[in-house]
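**Student:** Got chain A; can you put chain B on it based on the hints?
Chains as they are written, first to last, in the numbering used here: chain A, 1 to 156; chain B, 1001 to 1509.
Hints are computed from structural coordinates only; laboratory data are not their basis. One should not assume that every hint holds.
[What the hints assert, rightly or not] Derived DSS-like pairs (lysine-lysine); straight-line CA-CA distance at most 25 Å: (1) K1293(B) with K1130(B); (2) K1461(B) with K50(A); (3) K1130(B) with K1195(B); (4) K1452(B) with K128(A); (5) K1462(B) with K3(A); (6) K3(A) with K1480(B); (7) K97(A) with K141(A); (8) K1010(B) with K1334(B); (9) K50(A) with K1462(B); (10) K97(A) with K1067(B); (11) K52(A) with K1465(B); (12) K2(A) with K1480(B); (13) K52(A) with K1370(B); (14) K1426(B) with K1461(B); (15) K1067(B) with K100(A); (16) K2(A) with K1465(B); (17) K1459(B) with K91(A); (18) K100(A) with K156(A); (19) K1480(B) with K52(A); (20) K1426(B) with K1462(B); (21) K1463(B) with K52(A); (22) K128(A) with K156(A); (23) K1465(B) with K50(A); (24) K128(A) with K97(A); (25) K1462(B) with K52(A); (26) K1293(B) with K1132(B); (27) K131(A) with K1459(B).
[Unchecked claim] Pulled from the structure, derived: some chain A residues nowhere near chain B, Cβ distances all over 12 Å: (28) V105; (29) T113; (30) K131; (31) A132; (32) T134; (33) L136; (34) I138; (35) D144; (36) E151; (37) N154.
The beta-carbon is built from N, C-alpha and C at its ideal position, and this holds for glycine as well.
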Amino acid sequence: MKKQFVIDDEIVDVEVVDESASFVLFNFEGEEYSVNLGALQDGKMVLNMKGKNRPVILADTHYVVDGQEFVIDAPRRSRKKIKSVDHGQMKSPMPGKILKILVKVGDEVVAGTPILVMEAMKMEHTIKASKAGTVLQIHFKEGDQVAGGVELVNVK
Amino acid sequence: MKNNSKVEVKKINKILIANRGEIALRIIQTAREMGIKTVTIFTEEERGLPHCTAGDEAFCLGAGSLKDTYLNQAKIIEIARSCGADAVHPGYGFLSEKSSFSKLVTASGLIFIGPSSESIDLMGDKKSSKIKIQELGVPSIPGYHGDNQEMSHLCKEACRLGFPVLIKASAGGGGKGMRIVNFESEFQSAFEGAKREALNSFGDDTVLLEKYITSPRHIEIQVMSDKHGNHFHLFERECSIQRRYQKIVEESPSPAVTPELRAQMTAAALKITSGINYIGAGTIELILDTDEKFYFLEMNTRLQVEHPVTEMVTGLDLVRLQILVAQGEKLPFKQEDLKQAGHAIEVRLYAEDPDNDFLPSIGTIKKIGKSTLLHTRLDCGYIDGNEVTISFDPMLAKLISWGETRDLAADKLILALNEIVFIGVKTNRDYLKRILSLSEYRQGITFTNFVKTYEDKLKPKKKTKEEIALAIAAALFSSKINGHNGNPANGEIKKSADVWSSLSGFRNI
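In isolation and in its complexed conformation, chain A is listed as follows:
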């Protein structure tokens, strides 16, 4: 049976050859994998592959496999996320206060040019241009409080 997952924003195709309650055999990128399910409790499972025990800790779509974190989603649920395109907006990474604006409308910037300084969690963070272009709009002034994920400037 063919199955599709989105692992860390990448679509992954899997062919399940055989499976039972505690066993799966599948093909992935031209290789066959046989994995046994060991213990399962408290959101924790232990997988056994080629004799090696690998602990997996789960919560929602997050899987920490042998210490490495993966985000695994069904394809339909995450399609929108994959298609996100950069429109030249520099967004606030988190809620905070605008301390200083370092550019003005009309300025030419390159990727990495410091745009403004924000304060969040008692620390200063410099927001840099994510691409080259001209500053078209600056949506805030110094001293403004901003929410997280808000467009700060528009560069085109």
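**Tutor:** Using the frame of chain A, we list chain B on its own:
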């Protein structure tokens, strides 16, 4: 307190903890061991965090900024008095190094678990502490600590010291209001940034200049003194690995400190504590240059975030010692009884993105995880379901491992970091594992510029095909358990999430 004066021993029965998070829980733990009751405080938005309910009593500080809550001295004292506490433990940060607070606590007839307000004043100011330290014959870094704060004057002083130069907030700490200046041309913007940050963080924009040592190590000596004039050192910690001027990996012993150097450093530390008649727990921070010369950096007159590594190598409980000292008791050991056994390493788990300039992150903690290792300790102020907000420091927890050797301690800490996962918030967990695995770290090549120097080697590794295959297997089993084909959302976890959301209403009462 004079060494020969009679010290009254007064048993503490109830401690108000003027702090939050993991350090509040840490203090409660020891207080319980000593049969002492504890009182915690919290803000409206913190309801549901473990420190709100972990003690014997808890009182709400209301809502508002830190000034109205954890820094509101009058309100905290009022709570302490009305609940019948006889002592106040300030933890670290917040009011722990505010002499006005220790004075107010004492004036209210309560015991302050910490040093005298004179010691806090003396050491809290970077200028006065440097002057005192020079008097005591301990070397400090060349610098400018004068009152003339004009840009042009400071720039001239910087040129005199020779670039690179460090600009620091006089009242500062934790890297806030601090800038390295490599060239004269960069001075002005760095100066303005440092002043602005200093004003925002400490309400005081006085800065000082220091000669910047290019490849330093950060070594600190834990000290402990009682009211009977006994001064001890609890060996060193190395905390060189920092990002944004904040420590992220701390250990004891330091791989760079030889027995001879240790003897010199600890002697210098004791010269300071006996020279200023210090009382309680403190930390003498030193800068170690590549030529084995060391300089006094500052003294922290409080319990340190990284105190657990000292506890693990000495077998001592530092909070217990603080309480004994505050009660007026003699510290129950001699210097030669104290030993540094094995090796302990602490990592600080932060809600941040190490692969994007260590930008702090927020979110809901879905799962913290548990460590199954012996001699591994998690000091954590959160439980599953808690919200990480921007209101407080982004440190989530400290994870500490002890091993007979440094390699063993590091190996165990990596295993523990596989179990303490903090799912739901972007953290530096994987980044800490990368540090601990790096061969340069294993060789002890740890300077304060470690993070920058090995930036490329510390980039995330691409996941291997086998690792992805395992993740696929996990998703396949998970979807089977959940009963949906191809939908890997985990049923069991959903259930536990629901438990938290239904509990939150209850906890809000």
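**Student:** Next step is simple, just say for each hint if it's right about the structure.
**Tutor:** Results for each hint:
no.	hint	in the structure
1	K1293(B) with K1130(B)	17 Å, holds
2	K1461(B) with K50(A)	23 Å, holds
3	K1130(B) with K1195(B)	21 Å, holds
4	K1452(B) with K128(A)	19 Å, holds
5	K1462(B) with K3(A)	23 Å, holds
6	K3(A) with K1480(B)	13 Å, holds
7	K97(A) with K141(A)	10 Å, holds
8	K1010(B) with K1334(B)	22 Å, holds
9	K50(A) with K1462(B)	22 Å, holds
10	K97(A) with K1067(B)	17 Å, holds
11	K52(A) with K1465(B)	16 Å, holds
12	K2(A) with K1480(B)	15 Å, holds
13	K52(A) with K1370(B)	21 Å, holds
14	K1426(B) with K1461(B)	17 Å, holds
15	K1067(B) with K100(A)	24 Å, holds
16	K2(A) with K1465(B)	19 Å, holds
17	K1459(B) with K91(A)	24 Å, holds
18	K100(A) with K156(A)	21 Å, holds
19	K1480(B) with K52(A)	22 Å, holds
20	K1426(B) with K1462(B)	18 Å, holds
21	K1463(B) with K52(A)	18 Å, holds
22	K128(A) with K156(A)	14 Å, holds
23	K1465(B) with K50(A)	14 Å, holds
24	K128(A) with K97(A)	16 Å, holds
25	K1462(B) with K52(A)	21 Å, holds
26	K1293(B) with K1132(B)	20 Å, holds
27	K131(A) with K1459(B)	22 Å, holds
28	V105	22 Å, holds
29	T113	14 Å, holds
30	K131	16 Å, holds
31	A132	20 Å, holds
32	T134	23 Å, holds
33	L136	24 Å, holds
34	I138	19 Å, holds
35	D144	15 Å, holds
36	E151	17 Å, holds
37	N154	21 Å, holds
Going down the numbered hints, you'll see the structure goes against none, and every one checks out.
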